[in-house]
Amino acid sequence: MPVAAVPSSGEQVRGAPAPHLVFVPSAGMGHIQPFCRFITALANMGVEISVVTALPTVTEAEADHFAGLFAAFPAIRRIDFNLLPLDDATVAETDPFFLRWEALRRSAHLLGPLIAGAAPRASAIVTDVTLASHVIPVAKNELQIPCHILFISCTTMLSFLAYFPAYLDSANADHLVGDVDVPGIGRVPVDYPPQLLRDPDSLFTKQFIDNGREIARADGLLVNTFDALEPEVLAALRGGKVVPGFPPVYAVGLLNLMSTTTAARGDKVVEPVHGASPIIGWLGEQPARSVVYVAFGSRIAAALEQIREIGAGLEASGCRFLWVVKTTVVDRQDTAELGDVVGNGFLGRVQGRGLVTKEWVDQEAVLRHPAVGLFISHSGWNSVTESATHGVPILAWPMLGDQRLIATVVRSGGFGLWMEHWTWEKEESIVTGAEIAEKVKEVMGDEAISARVAEVREEAIKAVAPGGSTHRSIQQFLSTLN
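Quick note, this note's numbering runs 243 ahead of the 1-based positions in the sequence shown.
What the hints contain is simulated information worked out from the structure, not anything from laboratory work.
Wrong hints could be hidden among the right ones.
[What the hints assert, rightly or not] As a list, the in silico SDA-like pairs of lysine to any residue whose alpha-carbon atoms are at most 20 angstroms apart: (1) Lys569 to Phe589; (2) Lys601 to Ser520; (3) Lys449 to Val433; (4) Lys383 to Arg456; (5) Lys682 to Leu660; (6) Lys569 to Val584; (7) Lys684 to Gln529; (8) Lys682 to Val567; (9) Lys601 to Ala544; (10) Lys684 to Cys562; (11) Lys484 to Leu411; (12) Lys682 to Ala559; (13) Lys383 to His263; (14) Lys449 to Thr333; (15) Lys682 to Ser560; (16) Lys682 to Gln549; (17) Lys569 to Val674; (18) Lys684 to Val674; (19) Lys601 to Asn587; (20) Lys449 to Arg460; (21) Lys682 to Arg551; (22) Lys569 to Thr600.
Build out the structure end to end from the sequences listed, making use of the hints.
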């Protein structure tokens, strides 16, 4: 089925001159990729764009993605932002992304002159929520221009973030101490939000609280979702039930579908360029909806024992599968031999019906392939939206951060299954191969889930079509900039 189009390339919204948006992304592919997708969509609508690029990037993947953006859109202005060195003695943290967010926050006071010097004058700033507490004051107090937040997770997570400061105030606490009753949303069990929030000394906790308090001063929240996917939560936020007087919430997703749309029209898109993929070739040899795709994102590496149980489960399921194995986090060099990781004899036993790799995989291309019938995922929001967009059911296995809250969207939406007791974060129990095999077969044979994810896909297509909810939200957002 052809994908409906967003406004055509070069279209300017509500006449000339086009607004000039300055984007200030943070770090991590889970954040940078949706930023680039939104920038791509707006650039194809004739919006003038500048992108503040923090140097150096944390990973090569980030550098490559930015390079692809500027190559595809030469008219986009690049504003290099050399960060101040972060004094390690002032930060007790090892996570490279938390450290980068902190370096960006501590360097944010340097943004004012950089953005003030942009021409034409910036109409507004769009920044990542991880930087909200420091970028919003620069925009509103120093530059006196609007500041919007591009929120790259689900609206359920946004609601929790927005209400969290009020929860802390009522509990007289400085960290997560129990369940959270979010007005208009319901009870969030204590083990659903990022578990680092239980640690008051965590750098992440301090950042989360600062950003949660400041987003109420934003001029708008742009969320990578659409109205039919999270209707109750969006209604609660927009109606002031979660936080009275909360800024406007624009549902501008699903951003990956908008990228697919522009590709279908022949417009410029920002995706990594690779040669002919043997993985896609292998998928082309498999029957429709027969392959289980297993991948847990760039931030998660399972323990060796759990990796072997995943292999045992895939083998016992009898299903064909494509499995991306990671033994290191981020994109650090992984030198372990694949055969040693998955266990002696495994690759030989599954030869022909299973493809196992440690290499980069074009996930969008995999999920859109008709051979794929199930995605076993860590429930990162990008992965969930990509899976839903292409009509692939999800077996949710959240591991860290916001992923359990995202899994609630999968469960409530009916387009996947969440095994709530499966391990995540620092839990030490192992999910057995027998249970994995059982659930794989269950979801692969569940006609109701398959039908529902097909409905979600159709709803998403309608949302980005002219006159659809996403199309209207983007028009409403842009109309505020002139």
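Hint check:
1. Lys569 to Phe589: At roughly 16 angstroms apart (the allowed maximum being 20 angstroms), Phe589 and Lys569 satisfy the hint.
2. Lys601 to Ser520: With Cα atoms ~14 angstroms apart, Lys601 and Ser520 stay inside 20 angstroms; holds.
3. Lys449 to Val433: 18 angstroms, holds
4. Lys383 to Arg456: Given pair Lys383, Arg456 holds - Cα atoms ~15 angstroms apart, limit 20 angstroms.
5. Lys682 to Leu660: Given pair Lys682, Leu660 holds - Cα atoms ~9 angstroms apart, limit 20 angstroms.
6. Lys569 to Val584: 9 angstroms, holds
7. Lys684 to Gln529: 17 angstroms, holds
8. Lys682 to Val567: This hinted pair holds, its Cα atoms lying about 19 angstroms apart.
9. Lys601 to Ala544: Satisfied, since the Cα-Cα distance of roughly 11 angstroms is no more than 20 angstroms.
10. Lys684 to Cys562: OK: Lys684 and Cys562 at ~8 angstroms, within 20 angstroms.
11. Lys484 to Leu411: Cα-Cα ~18 angstroms, so holds.
12. Lys682 to Ala559: 11 angstroms, holds
13. Lys383 to His263: 16 angstroms, holds
14. Lys449 to Thr333: The given pair, whose Cα atoms are some 14 angstroms apart, holds under the 20 angstroms limit.
15. Lys682 to Ser560: The given pair, whose Cα atoms are some 9 angstroms apart, holds under the 20 angstroms limit.
16. Lys682 to Gln549: 16 angstroms, holds
17. Lys569 to Val674: Answer holds: Lys569 to Val674 is near 17 angstroms, not above 20 angstroms.
18. Lys684 to Val674: Holds. Lys684 to Val674 sits at ~16 angstroms (cutoff 20 angstroms).
19. Lys601 to Asn587: 16 angstroms, holds
20. Lys449 to Arg460: 18 angstroms, holds
21. Lys682 to Arg551: 17 angstroms, holds
22. Lys569 to Thr600: Given that 20 angstroms is the threshold and the Cα spacing comes to 9 angstroms, the pair holds.
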